[in-house]
Each structure stands twice: as C-alpha cells, then as structure tokens.
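Engineer: If you read the protein sequences in the order shown, they are chains A and B.
Be aware that the first sequence starts at 68, since it is given in the numbering used here, and climbs by one per residue.
Be aware that the second sequence starts at 407, since it is given in the numbering used here, and climbs by one per residue.
Hints listed in this document are in silico derivations from the structure and should not be mistaken for laboratory results.
A few of these clues could be false.
Unchecked claim - So the derived label-pair ranges between C-beta atoms look like this:
no.	chain 1	residue 1	chain 2	residue 2	range
1	A	Ala144	B	Leu845	55 to 65 Å
2	A	Glu178	B	Phe467	54 to 64 Å
3	A	Ala73	B	Phe538	21 to 31 Å
The C-beta atom is built at its ideal place from N, Cα and C for all residues, glycine as well.
Here is what each chain is made of, one letter per residue.
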Amino acid sequence: MTENGAQQAGVKRTVIRTVAVLIGMFAFAFALVPLYDVFCRITGLNGKVDTTAKAIIHEEIDQSRFITVQFITRGSAGLPWQMSVEARQMRVHPGQTAEVDFTFTNNSQRESWGRAVPSVSPSSATTHLRKVSCFCFQEQQLQGDERLTIPLIFQLARDLPEDIHTITLVYTLYPVQRVALSPVNNNKSAGDSI
Amino acid sequence: MAPKLPPQHSLQHSSTAVAGGPSQEHHAHVAHPKGVMRWLLTTNHKEIGSLYLIFSLTMFFVGGIFALVVRAELFQPGLQLVEPEFFNQMTTMHGLIMVFAAVMPAFTGLANWMIPLQIGAPDMALPRLNNFSFWLLPIAFTLLLSTLLMPGGGPNFGWTFYAPLSTTYAPASTTFFILALHIAGISSILGAINIIATILNMRAPGMRMMDMPLFVWTWLITAFLLIAVMPVLAGVITMMLMDINFGTSFFDAAGGGDPVLFQHLFWFFGHPEVYIMILPAFGIVSAIIPTFARKPLFGYASMVYATAAIALLSFLVWAHHMFIVGLPLTAELFFMYSTMLIAVPTGVKVFNWVTTLFRGSISFEPPMLFALAFVVLFTIGGFSGLMLAIAPADFQYHDTYFVVAHFHYVLVPGAIFAIMAGVYYWLPKWTGHYPNERLAQCHFWCSIIGVNLTFFPMHFAGLAGMPRRIPDYALQFADFNLLSSIGAFFFGASQLLFVLVVVLCVRGGQKAPAKAWEGAVDLEWSVPSPAPLHTFETPPVFHRAQSHD
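The shape of chain A in the complex, shown without the other chains (with noise of 0.2 Å):
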C-alpha cells in the first residue's frame, strides 16, 4: 500500500504544480498588457507615440533631406466633432521645429469631451518624432457649437533613419466619458506640455 500512497503523493504533486503554471499564466496574460505597452512605447513599434512633451533639441538643421509629413485626421461614431487640419502635408528638415494647426468643431448643442489619439507610420519613425506641444497630450472639452484652433510643435530628430522620406501622422477622435477610467498618464502629461 506504500505504492499506491507514493503515488497519491505523486499526483498531489503533479496536480500542485500544474494549478500553479495555471494561475502563473492567468496572471501572465494581464501582466503583458502593461509589458505590451511599454514595449511598445519603448521601441516605437505598432506607432505608439510618447504622450509627454519633449523639450526642442538646438540641433543643427539637416538642409540636405526633406521629409514629407501628412496628416490624417479622422472622426469616431461617438463624438459629433470634426477634426481639420490646415495642410494636409508639409515638407521640413530634420532638426526643424514645424508648427501646424489643428481645429476641433463640435457640431453639437451640448459640450462634450473626447481625445485625438495619435498613431504614426512607419513606426521606425516614431521614436524620431519628438511632439513640443500637442493636443493629443490631453483631453479635450468643447462647449456646444465650438470651435477650437490648437497647434501641434513638433521636430524631427536628426537621427532619422535614411529610408524614411514619408511620415503619416493620423489622428482619431474618441469620446471621452469623463465619470469613466481614463489613462492614469493624461492629466499629468498635461500641465508640462505647454
């Protein structure tokens, strides 16, 4: 009977150690939603964009190569805002500082909150794309009927990577329920933008 009692043992064991790789790897899978993200953030893969300001770095311009910057805007089902962009591309040069507008409208009678989240193309280049100042560091109101006109200050590092002649910025507006959780970093990020 000593057989059978060391094989109970056994399975206890078994049993034990499987339930913890189990719950191990319950807990993985949470656990690589902020590794995902910082990753991400990181290494500028999947476009994701750093939503704190950078200081403007006094590099010499690079005159020999022109980068092609677009902008893209685009609106949620959600949110009766439009996004407009004053010029639809811009050419600058590594190092340059470049500024260009954005306009929010709400075409709606009552105010409301939402947020531009930012996503860049090729994503090599995220890393290089240095925002001074943007909207998209922080939530938005507009009162009913608004209209709101915010800049974007952003320059591209001189350490761009030579293949990039094209960059593409897109924005999309989300609605922002102000009673729901937010990202821990908006508020923050908010007041060392400016």
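With chain A fixed as given, assemble chain B onto it according to the hints.
Structural biologist: Using the frame of chain A, we list chain B on its own:
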C-alpha cells in the same frame, strides 16, 4: 475476403495484468446507478472516454451542418439562401464548434480511453475531476448554441473574435459566448491536469518515459500546451468581458488600449492551440503505421524530440497570423523564419513515418488507409503553410480562401482523419468487434474524394484573390465554389457512413481477439476485447522487449 489478420492471442500479461473474474465480481457488489445516472456519475475512464467521443461526434455533425449552410450559400454567386448576418454567425459557429467541441473533445476522449490502457494504469489519476471536466462540455456548448436564438443573434465575428469587432460592434449575446468559452476552457484545463497527473505518476512498474507509446507522449506534450495557453485565452476573454460590461479599455484605443494587443494575446493562445489539435493526431498515426507496416516505428526518440520541438516553437510564431497589421520589419523576419523552422521537426516526423513504411509488410485496413491519407494530405497542408509563412507572399494570401484551404487540409484530413483512424484502430478493443470492412472502406474512399473536392479548389480560389468570410463573390470564382460545395455535401453525407459503421460495430460483427491487429504491440492489446470495465487493477509487468528502442 478482406485481409483480416489471423487472430493471434498473446495474452502474455494475462496472469498478472488482466483483472479476470475475481476482480469483476469484486466490483459487482458496488451499487452502480442505472440509466442516466450511471453516465452522469461515472468515474470510469472508459465510460467517460465514450461520453467524450459521442459528444464530439454529435458536435461534429452540428458544426458540419453549419459548414453546409455556408457552402450552400456559396454554391453560386449572389445572395440567395441566408442573410449575410446569419452567414457570419454560421462561419463563426462552425469554427468554434469544430475547434472546441469536436476536435478537442475527440482527442480528450481517446486520451481517456487509451492512455490508462497504454501505460497499464487502472484509471485516470483523478476520476471525479474527469467526470466534472466532461459534463462541463455539454453545458458550455448548449450555452454557446443557444446564443443563435437570442435577439441580435449569436457570435458573428469569426472564430478568432478580433476586438473591437467582438467588443464594440458585437451582438448582445457576446457575454454568453464568453461564459461558454470560459466553461469549455476550464473543461480542457481540468482534462489536461488529469492527463499529466496520470502519465507522470501511474505508469506500469518498469515503464520509463521513453518506453511510452507515442500517443501518450504526444498527449503529455499537448496537455502541457493546454496548461500554458488556455489560461491566456481565459485572460483574453476576461478582458473582452470587462471591455464590454465594465468600461475598461484593454482593446479600445479611445481609452488608451490597443486592438492589436488583442491579436497578439489571441494568437499567443491560438497558435499553440492549433498544435493542440494536431499533436495527438501525430501520436495516433505513429501507433497505426508501425502496426500495419509490421515494423517498429522508425526513430522513436526523434519523434519524441520533434514533438517537443514543435511544441516549444509554437510559442514563438504567433505573429505569423498578423503579418499585415503593420509589424516592423524585424518582427516580420523573426516570425517568418521561426515559422519556417517548424517545418524541420515536422519533416522529421513525416520522414520517420515514410521510413517506417519502407520495406514494411503493409496491409490496408481502414485505420491504415486513414493514417496513410493523413500523412499525404497533412503534408499538403504543411506545404501551403510554408507558403503562408513567407511574409511578403502572405500579404497577398492573407484572409483569402488559400488560408481556408490550408487550415482545412491540416484539420480535416489531418486531425479528423487521424481521429477516425484511431477510432477504427481501437474499435475492436472498445466493442469486441471489428468494424464492417466493406462499409469502412467505402467511408474512407468517399471521405477522401469529398475532402479533396471540397478543399483543393479553395487553393485556386484563394490564389485568385477570393476573400474568406464573405457570403458573396465575384463571378470568376463560381466554378471553384461550385466544386467545393458539391464536395462538401458529398463529404458531409459520407460521414453518415461512419456513424453506421460505429453503430453496427457496437451492436455486433466479427469478434475481435485481445490482440486485434497482428502487428500491434502496445499494452492495450494485452487486455481482452472488449476491454472490461476495470483493467490493470494489478499493475502489469512491463516488458522492455516490446518497447521502442
């Protein structure tokens, strides 16, 4: 006369192993519930194995009917039979039912029946848990199927349920879908724990790990894959649940989430999942080919290592499902090469099967026919997989019928043919009768014609650019789809033959001896046919001579 093998009794273990009369009587006076309660409360691995297999076969027909609705709609261009919304529910449900309710429970059923018999254990390590993990399944899939009757319909976002299609834009029944998948996932996890505990602790004295039959080995590795990835699936669907009902934004860009994260998490589960559906098939085929080639399996150890290598690599290739989401070049290259690397251990396996056949004394009984068809047709599916692995080519093939052709080649004549081969192989052990040879041969030839007629034209439709999951198509794809639909109905109808063979075999037929197939060597052939309810109550003595090295 069919090439029936001469009955060769070799009950070398009968003195020690087989629980004969006395032990049967010993159990006779334990009060067994009758009728439904017997099945509801059973803790016997053979009865639970049968329950799994019957459930799986039922769901195979349910999922098959969904597929036939899809094929009927695609019979000719234009929208004729069903609404596009219902078409979407059918493609989704077909995938979900076939993956989670047909293929996976079939393998678990075979594992329940055969693993204790193959390692000389009296039962599974945790018999009550075994009962629980089976009975979760009918609950899960009744719930899942009931969503079709709910207002707004059932899941319509494809079996991969990509967010935000499955969160923001999903029908109201999605929460039920999530619950059903949670229950099914718990069932698989409990099954996997049980299988690991059984294999690691309950082998016959003297049986080392490297003496285990390959079906046991492949299932052990599969169970580890289940333990590793089912919790990730549970995590993903929990995040979906929270996004839908509790206002979080895991996959919602508005709140700082990322829809691409969903795809990463899903395929981190999803790619090992597709190997969960094929590794046990490798084990079944590795049992059948040596038996009917009357030669020991070539390269037993390399088979074990190749299986383990495939399992490990399966964690490193998930993003090959996402080549067009905008991965950076480095990631595209990494996932392309790691995917191609899987062809190496898979090639080892195919080589070993072919080499086992080489100069073998081969006979072509139904299990062998299905196993040989598996080797050929699975390899075709493997080759189209290699084509899809090439990232730049995948930009063209992505989401076309070429992908549909690829994964149906590895799942239908792959996983499902292997299951059928296993059923034909072990039916004599389960029922004590050989399956009707003529009907089984007929089933095989109808299946192989049906499967190729259905899925081979899909390669061409896909290469020509026909997108998947769309109820209508351009006129130039009409001929391919006509052939596919005819093939699908032929294949579906010929599976009724399978049911007929199984029912006839349960009810009677040519009596099978303990060792039903001449070349069979594993331990299960040392117990009488049909296997008594309780076997190996005294552990058998395992003879190294019959091991693989």
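Engineer: It remains to establish, for every hint, whether it holds in the given structure.
Structural biologist: Hint check:
The beta-carbon spacing between Ala144 (chain A) and Leu845 (chain B), approximately 57 Å, falls within the hinted interval of 55 to 65 Å. Checked against the hint of 54 to 64 Å, the C-beta distance between Glu178 (chain A) and Phe467 (chain B) comes to roughly 57 Å, which is consistent with it. As the Cβ distance of Ala73 (chain A) to Phe538 (chain B) is approximately 26 Å, the hint placing it in 21 to 31 Å holds.
When each numbered hint is compared with the structure, no violation occurs for any of them.
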